[in-house]
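**Student:** Residue-level listing of the chains:
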Amino acid sequence: MAQASAPRQADFADRNFKYFLVGPSIFVLLIIGIFPLVYLLVVSFQGMTMTETDTGFVGLRNYAHLFHDKRLWEALLHTVIFTAIALPLELVLGLAMAQLFVDRLPGRAVFVALLVLPVVVSPIVSGSTWSLLFDNRFGPINQIIGWFAGREVPLLWTINPSLVYPAILAAEVWQWTPFMFLLLLAALANVDKSQLEAAAIDGASWWRTFFRIVLPAIWPVMAVAILIRGLDLFRLFDIVWALTKGGPGTMTETISIFTYVKGFQQFETSYTAAVALLIIVLLSVVVFAALKRVALAR
Amino acid sequence: MADLKITGLHKYYGSVHAVKGVDLEIPAGEFTVLVGQSGCGKSTLLRTIAGLEDADQGNIEIGGELMNHVLPRDRDIAMVFQNYALYPYMTVFENIAFGLRARKTPAAEIAPKVRRAAQMLAIEPLLERYPRQLSGGQLQRVAIGRAIVRNARLYLFDEPLSNLDAQLRDEMRGEIKRLHQELGKTMIYVTHDQIEAMTMADRIVLLRDGKIEQAGAPLDLYERPATRYVAGFLGSPAMNFVPTRLQDGGALAVQLADGGLLALPASRQGKLEGRRGQEITLGVRPEHITRASGELRQGLVRHTALIELVQPTGSRTYATFRLGGAEMVAELQAHDVSQPGETIELAIDMNRVVLIDPATELVVS
Amino acid sequence: MRLSLRLGAAVAITLFFLFPIYWLFMISFKTPDEIFSYPPKWYPSHLQLGNYAVLFKDGDAIAVWHSLVVAGGSTLIAMFLGTICAYSLARFKTGGEHLANWIISQRMVPPIAVVFPIFLLYVWLGWVDTYVGVILLYTAFNLPYVIWMMRGYILDIPLALEESALVDGCTRWQVIWRVVFPMCRAGLFATAIFTFVFAWNEFLFALVLTRTEVVTYTVQVTFYFGGQSNFWAKISAMSVLGTLPIFIVVAFMQRYLVRGISLGAVKG
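Residue numbers (the numbering used here), protein chains in the order written: chain A, 29 to 326; chain B, 8 to 372; chain C, 64 to 331.
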């Protein structure tokens, strides 16, 4: 087939095609990624509050205030407590469930389909639902406790300082254990069967097999799961907001709730910016360290 | 169809110099095979011709037009890939028609073209099936069908038969050669299999380490290799090599390590005069070592050998023995030798040996 | 462990996890009087849709529609932009390690840190309480996930398929449409479902960026929280209205979802 004219040379659009593909995404991400950071950086050094719109440079005043703000550090503590309890719980329970389901089980697909449901519910709905369940007079939980105790037990789960943490943790663990479960189920299913069989022939006990063969094999998935869930727990907001709004007082205030209050209820613009930057820095450090550890472990 | 001309082609992958200055001219309508070991640059060269890679230096001309900055789709070429590259979510018909549709060929023309291509490759009954339902050989035919349906001016084949088992490969070799005869298009075929190269090529281009070692008609390369590498590459089983020394004075002959002498025919004298007394590598193909019977012709020398290994193939038997300490393989009739440990009288055809300078690896005679 | 024992445990565990959901649905069908009856009954005496009727009559149910527009819109945009970006990263390694790492790091950004400046920006742009504003934000937040996941899926597609298409006459765009998208269809579905669910259930940004016009169902639910008492009837009905669509989507796309979660971890 003869060419009627000279063959078409590759033009600007062809050569730079790959940039056109990433362009729009980067543009959108920049709006969300760069602009807020720049803004926070600038504003945190200013003196803006609800009353003062002073955009003058106030040096490190906001940052100094950070270190003395008891409420902020308590909020961080609360967040850490939530994470430190919920994450291992979800992990262990999820793993136990996965181990239960991984071997041949009739109707497993149905079970898995049903167990997905808590994960896809909104955390607000989850918090609201557990709020319902924990209701001191009309909730089934107090009712069930009452059956065992033989009398009425109108526990104020969302107000009693001793009970708020368990209440929030219950909602959180209920919602996210299935997430761990699904992840770990897939990971367990991919463990090399021949290794397990060899261990069985060698006479290894169940525990030994589990710790020496299974755990190392699923560790990569587990690490990712821990990272994702850990990050999400650090940002905990919705569930706590639905159950206690950070109360009673500021007892269950997470760092996210604290920041929200400071920014959108007390309108301390510049201070909030400083807090926000602190959060970003803290998170980056933690993630960086965690990724380093994971990379090393490989 | 079109001719292909490559001048001074260089291609780097990072710091690896994959193609080191290749000059190649392929006349229109020829079947050229690029052959060589893995990593010799043959696939890189093919992909650069296709436009899937950019040349770092040098020119590529197809049909006299410079192609360096032309996109693959505008080069009017067709390519068959090693792993078929068929779309699993399309029927065989759709796979073959894919290129035509992409070029906005009118719908009315597509069906007859596809059918004709399918007929040529005997896959018409498979047109409505999906790739997952086909065997390896059938998949390869579909891939070839997709290439020929577009009536391009240049066809590129990237090791298309590597994934097939030996029997299918034999079959497909003939099919592709017949296809070339029917279509008469310029075809460039990449393989590492020297049998494919020998049987299919109008011309072989043997590549080594990014450069052309030798190019020419198959029998030319086989009977008149330019270097030791070419001599050892073509032919199965490979050529035997034994280090020797040209006898200083007296008759023209090579001295073996154990002192034995093999006389060379006088016709070779001219090329070898200047090398008397020097070391030289002797190359002999197994088919030129046969059983001695009766009086030997001109140029054949006798050698008594102890057989170490016997490998029968049915039509021939390959026997391993030693010559001057070096291990050699002789190609004998099926029943000439039956057991290791037997002694046999061999005749080595010194008319056909090649002599190689051990330092430069070039064939001197 | 014996099969019957495991089966029993499996059933018990599943029932335990489903109980709260059951309770929520159940409450939504009770009349407000019944809800506040003591001791609480575990099933409604008769199923009535009065609570839902109220939501529709008051116009609150529109919140579900807002959620649909916002989640659907942002998912479509994020999937398209993200997938082509992922293609560029996968095939051309555009921007190298640096770009890829920066994109991943965007996923780790804590929303609470970003919501404030975004809010102020939106005030300035007049985008507060608009579809555009929320969709853009959700798109930006979902892009890193989409890019990350789709890059993995695209890397699994044999390169020869695309090269063959290029030689056969496809432009780069045609290659993406005709080869890449069909080949990673499963990955597209799984990622899209996740993205949609995330946007659908999102709360914090919706709380800050909506006022009255585009209130999504998650924010709408919190409107019913009182200082002293909560309107349980409305809370539960609204929650169900917002949760039911997701349950339906999940039911249909079940196999993609599970594959998506597990593959996401493996590829991570």
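FYI, nobody ran anything at the bench for these hints, they're computed from the structure. Careful, some of the hints might be misleading.
[Said to hold, decoys possible] A few chain C residues facing chain B, derived, Cβ under 7 Å: (1) S108; (2) G135; (3) L218; (4) D219; (5) I220; (6) A223; (7) E226; (8) S227; (9) W236.
Every residue gets a Cβ at the ideal spot worked out from N, C-alpha and C, and that includes glycine.
**Student:** Could you check the structure against the hints above and give me the numbers of any it violates, in ascending order?
**Tutor:** Checked against the structure, the hints that fail are numbers 1, 2, 3, 4, 5, 9, while the rest are satisfied.
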